[in-house]
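With these hints in hand, go ahead and build the complete structure from the sequences.
Using my numbering, you'd call the opening residue of the sequence shown number 42 and step up by one each time.
Simulated from the structure, these hints should not be mistaken for laboratory data.
FRET-style restraints, in silico, Cβ to Cβ:
#, residue 1, residue 2, range
1, Q182, T73, 41 to 49 Å
2, P291, L242, 24 to 32 Å
3, P105, Q52, 13 to 21 Å
4, Q52, P203, 25 to 33 Å
5, E136, Q182, 18 to 26 Å
The C-beta atom is built at its ideal place from N, Cα and C for all residues, glycine as well.
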Amino acid sequence: MSENQNLLAEQRRSLILDEVRRRGGVRVNELTRKLGVSDMTVRRDLDALARQGVLEKVHGGAVPVVEASTHEPGFEAKSGLELTAKEDIAKAAAELVAPGSAIALSGGTTTYALAHHLVDVPDLTVVTNSVRVADVFHVAQRTAGPRQGAATVVLTGGVRTPSDSLVGPVADQAIAALHFDVLFLGVHGISSEAGLSTPNLAEAETNRRLVQSARRVVVVADHTKWGVVGLSSFAALEQVDTLVTDAGLPEAARAEISEHLRRLTVAGEPDEGADI
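Here it is as structure tokens:
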């Protein structure tokens with residue numbers, strides 16, 4: 042299958058998932074008409090989304106999976122979702138990183154995408170509690186060999202979560218002693234009432250420490266995170282300087298966000314990075 046065909050499949054599945062979540066369920070014949078593809082193609086897409094655990098197949102269609110606030114998907118399950126949106130967000134967020142700065146990257150698949158765009162930024166100091174993010178820099182440096190200006194990477198240590206983040210007292214103590222110019226923070230959920238939240242209590246505390254140690258907080262989150270509430274809140278929206286998201290975020294959500302945040306960046310839009 043070509044790269045273009047893969048992209049089309051990814052976009053189609055994103056549209057299907059949005060439709061399922063918005064309407065509370067869809068039928069296969071409705072999707073074939075809406076997307077202009079065959080019945081077999083839609084069923085393959087539903088099978089793929091069901092394997093990722095983001096919807097449930099039922100006779101003739103699909104319904105959303107209702108997740109408990111304590112449910113924490115693993116890294117692999119999340120990494121296949123909203124790939125294009127995460128890549129767009131990562132590119133936009135990378136523009137906020139200055140050479141020579143000290144930054145922190147939390148765990149998550151969007152910060153993992155961002156890390157790939159930062160490996161060539163000179164003289165960075167990167168603090169992370171993500172095993173996956175640290176590996177991005179490690180592999181890049183091992184492949185390129187020793188070079189001047191390569192990033193210095195500090196991995197916090199701690200107990201590993203299903204999303205491959207390191208959390209707990211060891212991570213918290215390491216982070217509390219540090220100070221970052223910018224924190225790039227991935228989230229499980231974001232809402233005006235609950236702020237930033239996660240289903241993992243230990244991760245919530247580690248994220249609080251990350252926020253407290255940062256001069257600026259940049260949340261990187263695709264539109265599907267809006268309105269999701271995990272078990273534990275760890276920051277209010279007012280503690281966030283910038284939200285970098287994708288064009289799928291509805292206008293109503295943008296208006297609501299504008300009441301709380303100083304800056305909204307919608308990747309790929311002409312007014313990208315406009316202050317609000």
